[in-house]
Amino acid sequence: MNKKLWAAMFVLGLLALLAGCSKKENTNEEQTTSPSSEMKPSATATPIDPATAASVSGTVTFGGAAPKAAKIDMSQDAACKGNNVAETIVANDGKLANVFVYVKDGLGDRTFDVPKDSVTIDQKGCRYHPHVLGVMTGQNIEIRNDDETTHNIHPTPKDNREWNESQPPKAAAIEKNFAREEIMLPVKCNQHPWMKMYVNVVKTPFYAVTGEDGKYEIKGLPPGDYTLAFVQEKLGEQTQKITLAAKDSKTVDQGFKP
Amino acid sequence: MPAVGRASCPPTAGGNAHRTAAGTAALHKPQEPLLQPIAISYNRAHHRFAIFVAVVTFFLIIAGALVTSNDAGLSVPDWPTSFGSLYKIPHLVGGVKFEHTHRMIAQFVGFLSIILAVWTWRADPRRWMKYLGLTALSLVIAQGILGGITVLFYLPPAVSSAHAALAQTFFCVVVLIALFTGQNWVEEIPLVEIDRERPSLFALVLFSIVVLYVQLILGAMFRHHGLSWWPHVLNAATVAIVLTWTCVRALSRYSGLDGVRRPAITLLSLLIAQLCLGFVAFLTRVAWGHDAVQPELPMVVSTVAHVAVGALLLATTVVLAAQVWLRIPVVEERIPSRERKQVAA
Numbered sequence: 204m205n206k207k208l209w210a211a212m213f214v215l216g217l218l219a220l221l222a223g224c225s226k227k228e229n230t231n232e233e234q235t236t237s238p239s240s241e242m243k244p245s246a247t248a249t250p251i252d253p254a255t256a257a258s259v260s261g262t263v264t265f266g267g268a269a270p271k272a273a274k275i276d277m278s279q280d281a282a283c284k285g286n287n288v289a290e291t292i293v294a295n296d297g298k299l300a301n302v303f304v305y306v307k308d309g310l311g312d313r314t315f316d317v318p319k320d321s322v323t324i325d326q327k328g329c330r331y332h333p334h335v336l337g338v339m340t341g342q343n344i345e346i347r348n349d350d351e352t353t354h355n356i357h358p359t360p361k362d363n364r365e366w367n368e369s370q371p372p373k374a375a376a377i378e379k380n381f382a383r384e385e386i387m388l389p390v391k392c393n394q395h396p397w398m399k400m401y402v403n404v405v406k407t408p409f410y411a412v413t414g415e416d417g418k419y420e421i422k423g424l425p426p427g428d429y430t431l432a433f434v435q436e437k438l439g440e441q442t443q444k445i446t447l448a449a450k451d452s453k454t455v456d457q458g459f460k461p
Numbered sequence: 008m009p010a011v012g013r014a015s016c017p018p019t020a021g022g023n024a025h026r027t028a029a030g031t032a033a034l035h036k037p038q039e040p041l042l043q044p045i046a047i048s049y050n051r052a053h054h055r056f057a058i059f060v061a062v063v064t065f066f067l068i069i070a071g072a073l074v075t076s077n078d079a080g081l082s083v084p085d086w087p088t089s090f091g092s093l094y095k096i097p098h099l100v101g102g103v104k105f106e107h108t109h110r111m112i113a114q115f116v117g118f119l120s121i122i123l124a125v126w127t128w129r130a131d132p133r134r135w136m137k138y139l140g141l142t143a144l145s146l147v148i149a150q151g152i153l154g155g156i157t158v159l160f161y162l163p164p165a166v167s168s169a170h171a172a173l174a175q176t177f178f179c180v181v182v183l184i185a186l187f188t189g190q191n192w193v194e195e196i197p198l199v200e201i202d203r204e205r206p207s208l209f210a211l212v213l214f215s216i217v218v219l220y221v222q223l224i225l226g227a228m229f230r231h232h233g234l235s236w237w238p239h240v241l242n243a244a245t246v247a248i249v250l251t252w253t254c255v256r257a258l259s260r261y262s263g264l265d266g267v268r269r270p271a272i273t274l275l276s277l278l279i280a281q282l283c284l285g286f287v288a289f290l291t292r293v294a295w296g297h298d299a300v301q302p303e304l305p306m307v308v309s310t311v312a313h314v315a316v317g318a319l320l321l322a323t324t325v326v327l328a329a330q331v332w333l334r335i336p337v338v339e340e341r342i343p344s345r346e347r348k349q350v351a352a
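Protein chains in written order, with our numbering: chain V, 204 to 461; chain Y, 8 to 352.
Treat each hint with caution, since some may be false.
Unchecked claim - Residues on chain V that point at chain Y, a partial pick, calculated with CB under 10 angstroms:
1) Asp280
2) Ala282
3) Lys284
4) Glu290
5) Thr359
6) Asn363
7) Glu368
8) Lys391
9) Pro396
10) Lys399
11) Ala448
12) Ser452
Unchecked claim - Within a straight-line C-alpha distance of at most 20 angstroms, the following computed SDA-like cross-link-like pairs (lysine to any residue) qualify:
13) V:Lys391 x Y:Lys95
14) V:Lys437 x Y:Asp85
15) V:Lys453 x Y:Asp85
16) V:Lys391 x Y:His297
17) Y:Lys95 x V:Lys437
Stated by the list, open to error - Derived CB-CB ranges, DEER-like:
18) V:Glu384 x Y:Leu290: 54 to 64 angstroms
19) V:Thr442 x Y:Phe115: 49 to 59 angstroms
20) Y:Tyr94 x V:Glu351: 23 to 33 angstroms
21) V:Glu440 x Y:Val240: 50 to 60 angstroms
22) Y:Ile69 x V:Lys373: 34 to 44 angstroms
23) V:Lys274 x Y:Ile69: 23 to 33 angstroms
24) Y:Pro163 x V:Gly458: 37 to 47 angstroms
25) Y:Thr251 x V:Glu351: 23 to 33 angstroms
26) V:Ala374 x Y:Pro163: 21 to 31 angstroms
Think of the hints as simulated: they come from the structure by calculation, not from any bench. C-beta atoms are modelled at their ideal positions from N, C-alpha and C, and glycine is treated no differently.
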């Protein structure tokens, strides 16, 4: 085979590679099973007796003086107006918001249906709403852009597939899901580098995110021994062992320190 | 003391073997085809165009550094198109402003490189210069492909670092083209001094290029999250020692040679500036800026300046290497015995 033919094959191969990479990626990582938003038992899900279901709730606190929130400079895009305070640590009167609380261990081999309902990430005021999101593996996430500027949504996972798509103003919502469990999966916008949020992907429906009052509640747990994890983007993870009897309604508070 | 004399014989076929200097042809036998003199005259337009390409390339490096420092590498998610178009200019706000501007300057440099390669091929009689022009063109094409791959694969550290390193390699090649097409290089019969010291100055300059290149890769890997900061900081000490040694040798022994003294002084000045900038960049990015919610101006300014001065430092070292190769031949290895007498003082 002569040199010219080799060179032509190399160039064609390179173009094919680039064309393949440029193709729009499939929106969904994997097909979801027929989900149920009400967690009704199905052929694949492990049933939970509602008569014995327990719940756990509590307040997450932040000890010490809350650090002063950093100011965000949004001046590089005139379309970005709104709250310009960073959400790295949001603590009001010692109550810590945006903590992801989930049952880390104790559910054994139980399986759960994927909720039919989508969860929403809204880009508004060049911020992500919410800042911390919980979602089940395979659950649909609807991403909207309510701003008058183009955003790009770029998750940077460790265990899931990375993607990066732009979304102009008034564009149709982008729908995605994540196939594997991953806690504090960062999502960012490379056009507006202050825009960051975290998606927490778990296999069970037993999770919650603390509100501004630091409170959370997880319902419908079967009786058992569990490890409850509290994860904050900057302060890391803390865990507690808990035991829930049938119909228990336990209060489990957790404190973080700077 | 080094031997000093006017070079009646070019030290290299790649250096001034092409000159029309009267004595050159007489000193070489016909069986030495590489040292055959080639008629060449200074082409001002070609030389100035090469300088222009080098200057635009320097701005391209700054534009690329701005992309990285502003974390804007993926603000335009597609390639080779930008938001689906090859020619439409998107709304230049946020990260797009940096990324798309970088792409536009890169396209311009690619276009200039084609002209430079074709012009050099047609106008420069030196065969090795023709290949140098083609090398520049090949590098800029490879650089464009690397830039595309790094976007399509979400900035893998190895690819992004290769993109950063190749950028400065291309810059050095274009600077060399500008140097080799310059009037001094083409027409001057250089003042030559013989180097009998070990390690030779030329070896020192080559070693400087190696440590600088390693430093460039370490710095790029750190900037692109492929490596911690400490290898780059540790190697900075090696760079400082080797470059200082090289400059001190050049200035203490060969200060009479303008072609060596000027780049050596420039190199030393840039080294000092670069060490200061590196310290400031470390403070603004590693010490103070690791928790920043967005790229802050002091970090952006200091890191971009650090990249820019780094590029100048590498290019100056490459220029010094070329000048030392031309003007300070290593006596045992490169000067035939019959010619030593002619150049000895």
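Minimum Cβ distance from threonine 359 (chain V) to chain Y below 10 angstroms?
Result: holds, 8 angstroms to nearest chain Y Cβ.
For glutamate 384 (chain V) and leucine 290 (chain Y), compare the CB-CB distance with the range 54 to 64 angstroms and indicate the outcome.
At 39 angstroms between Cβs, range violated.
Mind checking the CB of aspartate 280 (chain V) against every CB in chain Y and telling me if the closest is under 10 angstroms?
Hint on aspartate 280 (chain V): holds, closest Cβ of chain Y at ~4 angstroms, below 10 angstroms.
Quick one, is the glutamate 290 (chain V) hint okay against chain Y at 10 angstroms, beta carbons?
Result: holds, 9 angstroms to nearest chain Y Cβ.
Is the hinted pair lysine 391 (chain V) and lysine 95 (chain Y) satisfied, with a Cα-Cα distance of at most 20 angstroms?
25 angstroms, violated
Starting from the hint 49 to 59 angstroms, judge whether the C-beta atoms of threonine 442 (chain V) and phenylalanine 115 (chain Y) obey it.
Hint holds: Cβ distance 56 angstroms, inside 49 to 59 angstroms.
Proline 396 (chain V) was flagged as interface toward chain Y. Is the shortest Cβ-Cβ separation under 10 angstroms?
Given a least distance of 5 angstroms, the restraint on proline 396 (chain V) holds.
Using the beta carbons of glutamate 440 (chain V) and valine 240 (chain Y), state whether their distance is inside 50 to 60 angstroms or not.
31 angstroms, violated
Does the interface hint hold: is glutamate 368 (chain V) within less than 10 angstroms of chain Y, judged Cβ to Cβ?
Constraint on glutamate 368 (chain V) satisfied, holds at 6 angstroms.
Interface hint for lysine 391 (chain V), Cβ within 10 angstroms of any Cβ on chain Y
8 angstroms, holds
So, alanine 282 (chain V) near chain Y? Judge it on the closest CB pair being under 10 angstroms.
7 angstroms, holds
Would the hint linking lysine 391 (chain V) and histidine 297 (chain Y) be met if the CA-CA limit is 20 angstroms?
Roughly 17 angstroms between the alpha carbons, so the hint for lysine 391 (chain V) and histidine 297 (chain Y) holds.
Hints 3, 6, 11, 12, 13, 14, 15, 17, 18, 21, 25 from the list above are not met by this structure, while the remaining hints are.
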